[in-house]
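Chemist: One-letter residues, chain by chain:
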Amino acid sequence: MAEEHKTFQLRYVGARFDGARLPLDVISDLPAFRDLLVSYAKDRWRALNHQRRRLPKGFDRGISFDLVAIEEGSAMPKLDWSRRILQETLPGFADEMEELVNNSYDELVAVIDGVANDRFPKALSPEQIGALNRFGAGLREGEQIEFVGSHGTDGNVVFLNTARRKALITRVRETYDARYESTGRLAGLHEGGRLMVATDRYGEVPVEIDPARIPDFDGNIGAEVQFSLKIMLDSQDAFRGVVDVYDVDLIDADLAEDLDRCRARVSELRSLPAGWHDGEGRAVAAPAADAAGALLSKRPDLASAYRIFPTLSGGLTFEFETNGWDLSVEFDPEGKPEIYGVRLDGPDEIEPQGFRELDAEFLAVFDQCTGR
Amino acid sequence: MHGSLRIMSDQLADDAEILFRQVHPSFIQGDEPSSQPFLPTPKDDNKLSLDRASLTTALEAHALFTSNGRQSVAVYGLSVGEFGAERLPCFSDPLKATVEDPANPAHAYAEYSMHGIAQQKNKAKRLKQKALARGRLHP
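In the order they appear, the protein sequences are chains A and B.
Under our numbering, the first residue of the first sequence is numbered 1, with each subsequent residue one higher.
Under our numbering, the first residue of the second sequence is numbered 373, with each subsequent residue one higher.
Certain hints may be false.
[As the list claims (entries may be wrong)] Using 20 Å as the maximum straight-line C-alpha spacing, the simulated EDC-like pairs for lysine to aspartate or glutamate come out as follows:
id	chain 1	residue 1	chain 2	residue 2
1	A	6	A	98
2	B	502	A	127
3	A	230	A	244
4	B	502	A	332
5	A	166	A	146
6	B	502	A	321
7	A	78	A	106
8	B	415	A	98
9	B	419	A	280
10	A	122	A	107
11	B	502	B	472
12	B	415	B	472
13	B	502	A	278
14	A	336	A	348
15	B	415	A	280
16	B	468	B	382
17	A	122	A	88
18	A	6	A	141
19	A	6	A	60
20	B	502	A	99
21	B	419	A	278
22	A	230	A	218
23	B	415	A	43
24	A	42	A	118
25	A	6	A	99
26	A	122	A	181
27	A	57	A	127
28	A	230	A	181
29	A	298	A	345
[Claimed, not checked] Reference excerpt, derived from the structure (chain A facing chain B, CB under 7 Å, subset only):
id	residue
30	76
31	277
32	278
33	309
34	310
35	312
36	319
37	326
38	340
39	343
40	351
Calculated from the structure, these hints are not laboratory results.
By construction, the Cβ of each residue, glycine as well, lies at the ideal position given by its N, Cα and C atoms.
Given these sequences and hints, build the entire structure.
Modeler: Dropping the structure here:
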């Protein structure tokens, strides 16, 4: 390693990373990335040194990264690998280790590029699977992590997204981890610290909490809760279990009432017949109603502000005032959202911006507009 | 515009004149209207139908609008000047009686055609805010 430092850089792409912002829930990717490299490096070292049964002392500690910057674009964390630490922990091995880690990085990138082309590794070590299951677990639909400077077989930069993670992990094991944020109803609770939450998507989900918090939920069976979890899904996206609980809270009674009012409104509008507007106006399409329900689940906090109307094309529109803006989220008949609005006390406007679905990209813009 | 026969169109010059707009029941929730009543529909050919307060009242305009089965649960008002501030010129557009519709000498419209649909949506929002500030004029 001729230079004192070597850097690895990742690029997080998605609206939520704009302006070099790296949400705390993806920071855990960085140690996972380092662990991945270490696991590949160990495999390579073992393959090159059949005669040695153990790794050199200090092997793991020698591959120590520091986060030294997060640059613009959307967010590009820069990881620094110090030669000084490597020389201290693995005297005499520095150059060999550098080559090993460089090759490991190339191998990791090639594995992920292979997934894009339906080529999968025959096997991965438990250490690699463990690190892979953590690396990118906080990604949402529409977001990706690019390996800066890499080139895939298509000539473009290689990236990891939710689809590639799922494909890779479930190819080598049965399940993968993913983020799940939504609302549900409290269906049961156990003194030992477990809540049972009834969800629309996965049925009853067990949520472990600190037993000291159980009294907060006691007496609220049937009440609405909102949660943020890391869950385990199989290759068919069936629920297998909860891996981590980031947040779970009761939604207060007023908010629950507002949510019920919004859901009843969607249901009422769904029953409008074609021609509801003096002969014009298509019936509200099911995908639009589903997308409206999803927005209510994902962003229930604004339920008191939401006013919901049909559109002549068979969609639905949410109109609401918040954060000094009069905003609209309009779902077309296919459920694709569009957001726009005007500043209440000035000339600023958000021009209509369309999205493919109610995905992370949309939610990031929604959160920005609403000041969440 | 309902297919009625137009007589002539002159641009309205009195910025203070109020123009009435009817609101369909599905476009109101609680006491708040959607911004959609302030946006021409595709069949309106970029012309938002209005009634002139100098020639009719909110009550009469509502009665005439609903007389042939069309629905309206609220009448809101915007001034010619408020439309003008959004670069939406307004024109008188008296309608003669047809087999389907009675005559409407107070009919007028705001012209949206110089703006794309994206711009129109936010203009409708600003107009809704101004109409809300003035308050419901009928019933």
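Chemist: Would you mind confirming whether the straight-line C-alpha gap from residue 468/B to residue 382/B stays at or under 20 Å?
Modeler: Holds: residue 468/B and residue 382/B sit about 16 Å apart, inside 20 Å.
Chemist: Below or equal to 20 Å on CA atoms is what counts here, so check residue 6/A against residue 60/A.
Modeler: Judged against 20 Å, a Cα distance of about 17 Å means the pair holds.
Chemist: At a threshold of 7 Å, is the proposed contact between residue 278/A and chain B supported by beta-carbon distances?
Modeler: holds, 5 Å
Chemist: Please work out if residue 415/B and residue 43/A have their alpha carbons no farther apart than 20 Å.
Modeler: Since the Cα atoms of residue 415/B and residue 43/A sit roughly 68 Å apart, the hinted pair is violated (cutoff 20 Å).
Chemist: Against chain B, with CB atoms and a cut of 7 Å, does the hint on residue 343/A hold up?
Modeler: violated, 10 Å
Chemist: Would you mind confirming whether the straight-line C-alpha gap from residue 6/A to residue 99/A stays at or under 20 Å?
Modeler: Holds, at about 12 Å.
Chemist: Does the alpha-carbon distance linking residue 6/A and residue 141/A stay inside the 20 Å limit?
Modeler: Not satisfied, since the Cα-Cα distance of roughly 31 Å exceeds 20 Å.
Chemist: Please verify whether residue 230/A and residue 218/A have alpha carbons no more than 20 Å apart.
Modeler: violated, 24 Å
Chemist: Residue 415/B and residue 472/B: Cα distance at most 20 Å?
Modeler: holds, 17 Å
Chemist: Between the alpha carbons of residue 419/B and residue 278/A, is the straight-line distance 20 Å or under?
Modeler: Holds: residue 419/B and residue 278/A sit about 17 Å apart, inside 20 Å.
Chemist: Check the hint pairing residue 419/B with residue 280/A against an upper bound of 20 Å on the C-alpha distance.
Modeler: The hint holds at about 16 Å.
Chemist: Restraint: residue 310/A near chain B, CB-CB cut 7 Å. Satisfied or not?
Modeler: Holds. Min distance 6 Å.
Checked against the numbered hints above, the structure breaks hints 2, 4, 8, 11, 13, 14, 17, 18, 20, 22, 23, 24, 26, 29, 30, 39 and satisfies the rest.
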